[in-house]
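S.K.: Letter by letter, the chains look like this.
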Amino acid sequence: MSFEEIPHTADIKIRARAPTLASLFSEILKALMQVMYGESRGKTLKKEISLTGEDTESLLLDFLSEILYISEVEAIVFADARIIIKNNALHAVLQGEPFDIRKHSGGTEVKGISYSGLLISSDANGYMAEIVFDV
Amino acid sequence: MLEGITRTGTFEWEVPIGYVPGMRVPGRFYLSEFLAKTLETGAVQQLANVATMPGIKNNSLAMPDIHWGYGFPIGGVAAFDLTEGVISPGGVGFDINCGVRLFTTPLMPQDVTGRRDIIDALYNTVPVGVGAKSSLKASAQALDGMMTKGARWAVEAGYGIEKDLARCEENGFMKSPDIKAVSSKARQRGIPQGGTLGSGNHFLELQIVREVYDKNAASAFGISENQVCCMIHCGSRGLGHQVCTDHIRLLEAATRKYQIRLPDRQLACAPVTSPEGKAYFGAMAASANYAWANRQLITHAARQVFQKTFGIAYEEMQLVYDVAHNVAKMEEHIISGRKDTVCVHRKGATRSFGPHSPDLPGELADTGQPVIIPGSMGTSSFILKGTEIAMDKTFGSTCHGAGRVMSRSQAKKRISGREIAVNLARQGIIVRAPNETAISDEAPEVYKPSAEVVNVVHEVGLSSLVARLEPVGVIKG
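Same order as they appear, the protein sequences are chains A and B.
Numbering-wise (this note's numbering), the first sequence opens with residue 21 and increments by one.
Numbering-wise (this note's numbering), the second sequence opens with residue 741 and increments by one.
Treat the hints as calculated values from the structure; they're not laboratory data.
One or more of the hints may lead you astray.
Covered, in the sense of this in silico footprint (three residues per stretch, anywhere, with C-beta under 8 Å from a C-beta of chain B), are these stretches of chain A [stated by the list, open to error]: (1) 87-100; (2) 117-131.
Within a straight-line C-alpha distance of at most 30 Å, the following computed BS3-like cross-link-like pairs (lysine-lysine) qualify [to be verified]: (3) B/K915 to B/K1079; (4) A/K63 to B/K925; (5) A/K123 to A/K50; (6) B/K1152 to A/K123; (7) A/K123 to B/K873; (8) A/K66 to A/K123; (9) A/K50 to B/K873; (10) A/K106 to B/K997; (11) B/K1048 to B/K877; (12) B/K1018 to B/K925; (13) A/K50 to B/K1152.
Just so it is clear, the structure is predicted and the values come from calculations on it, not from any experiment.
Glycine included, C-beta positions come from ideal geometry on N, C-alpha and C.
Only chain A is shown next, with the shape it has when bound in the complex:
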C-alpha cells in the first residue's frame, strides 16, 4: 500500500495503490490527512461512519468530503480507517486524535475533492486511484 503526490499545477494530485478497494480508500484518507495536517498521527479517538454512493467514484468523493467535514467541525485528525465496502455502501471505523494547532499546523487546507482527473482502476496487482484535492 502506498500513496504519492504527482505534479499538478494548481492543486494536489495523489496516486494511491492498494490490494483491495477498501484499503485503497483508507490509503487516500491518509494522503488527505497528510496534505492537511502534516505527518503527526495519534489514534486516541474512534469514530464510525456509513455512506452509500451511486458508484465507486461517487462513494470515494462522498467518503472524503465527509472526512473533510468531520475533521473541520469536530476538530479531529484521522490516522487510519478500517473500511468495509459492499455494493457501493461503505462502513468505516476511523481512528484519530484531537486537532492540536502545535502538532497539526504543518499542512494546507483542502477545499474540496474533485471529480476532474479522478481515476479508479484495478488489475491483477490490486487497485490504483488518481485524485485531485483542491487547495
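Given the structure of chain A, go ahead and fit chain B onto it with the hints provided.
M.R.: Showing chain B alone in chain A's frame:
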C-alpha cells in the same frame, strides 16, 4: 505550440469547434507567446469541455492566467442563456467568492518599512492557517445575517463604515440568496470561521503604491504614489466549500434528470431556471455574501491594528474596491447587438465593468470599475480599470492573478520556505506564515510573472493599467 489551436491575433487564440466532441461554440483565450509556452493541454481541454454545455453564449473564454483546474479551467469565463442555459458549481469552484480587496492608509513607506512589529500584530489579530478559529463567536442569527446581507451585515454590526459598501462589487452582497438551500453541515462550518483568512494562496499584504500609470483613474480610486495600502485575499471558507460539495452531488442527479451530456462530472449542472439550478444559485449567493462579510471582518481587524499602532482615524483608511473572482451572476450584456440577461460564470476571473456600467458608484462612473490583480508572494500587484472592450469581448471580465506554472510538490523540492523568507527579507519584505510549507507552496517562482499576465489584459484592452503596488509585509494563511 499546441496542436489544433488557431492564433487569431497577437494575444488571441481560438479553440475550434470539434477540438472535443460536442462543442457548441469555439473556445477563445488571451495569451502572449511567452505565456503560451507554459499552457497545459489539460487547461485547453477544460476550456473546450465548457463549450459543450447547453445554452453557452458566444465563446467559452479564458483569461491569460489560464491554467489546469477542475471543471472549468482556472481563468475561465462563460455566459449561459437563461432559458436554454445551465448553471454549474464547476464554473465557480469550491471557494465561492474567493476575492480580493484593497484599502488605503495615510501612512508613508518610512512608517512601515522594516516594522516587523506591525506584521506580527496583524498576524496575531487575523486568524490564519488550518484549524484557526474566529474570535467572533457568531450566533446562528449572525450567520443568517452574513449570508443574507454580506458586507452590509458587517457594517451594520459595527465592522466598517457605510462608504465601504459602495466600493464592493454588488455593494457587498448579492440580492437573491437562499439560505434554506445552505445545508446544516455548511452552516456548522461557517459559524466558527467568520473573520478567518484560511490557507493556501490566501494572504494579507502590506503594500506600497510604487507607480501610477493613469493619474485620473488613480485619483478617482483614491490612490496616490507612495501610499501604504493593505490587500486582503480570501473567500467563503468551509461554508462555501461545503455548499459546492453538496450541490455538485445534487446537480449530478439533475444532470441525469434533464439528460444533459457532459465530458466531466465536475461540470454537473442544471438549467438555470430549474429548481435544482435555482437552489444552487441561491446557496452560492448566500456563500458569496458570507465571503464579503468575511473580508469586511478581516478589514476591520486590520484597520484596528493600524489605528492602535499609528493613532490614525478609522475613516482615513478607505476601501478602494472589493472584487469576487469565483462566482456566477445574472448580468445584462449586449449579445449579437441585443441586450440580454445571462448567467455569467467567472472561475478565477475578475469582473471588469467599463465606464457607466450599473453597480458602479457615482464617483467611479466615468472611470470604470477598479480591478485588483494580486501578484504572487513578494511580487507586484496591480490596480486596473474596467473597459468597454471587456464588455464586448469577455462579458466584462479580465484575469484574476498570476496563474501557477509549477506544482506544489516541485516547489517544495526546489526551494525551502526558510530560504524564500530570507530572500524576501533581503528585498525588504517581511513574511509570516503558520509553517514553512505555506511559504514554499506559494513561492514567487511557482507563478507566471504577474506583470506579463497584466500586460496581456492591458494590451488586449480587457482592463487598463492604473497603478503598481509592491509588498513590504506578507501574512500567508
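S.K.: State for each hint whether it applies.
M.R.: Against the structure, the hints:
| no. | hint | verdict |
| --- | --- | --- |
| 1 | 87-100 | holds (count 5) |
| 2 | 117-131 | holds (count 9) |
| 3 | B/K915 to B/K1079 | 21 Å, holds |
| 4 | A/K63 to B/K925 | 25 Å, holds |
| 5 | A/K123 to A/K50 | 16 Å, holds |
| 6 | B/K1152 to A/K123 | 20 Å, holds |
| 7 | A/K123 to B/K873 | 16 Å, holds |
| 8 | A/K66 to A/K123 | 19 Å, holds |
| 9 | A/K50 to B/K873 | 24 Å, holds |
| 10 | A/K106 to B/K997 | 26 Å, holds |
| 11 | B/K1048 to B/K877 | 23 Å, holds |
| 12 | B/K1018 to B/K925 | 20 Å, holds |
| 13 | A/K50 to B/K1152 | 20 Å, holds |
Checked against the numbered hints given earlier, the structure satisfies every one of them.
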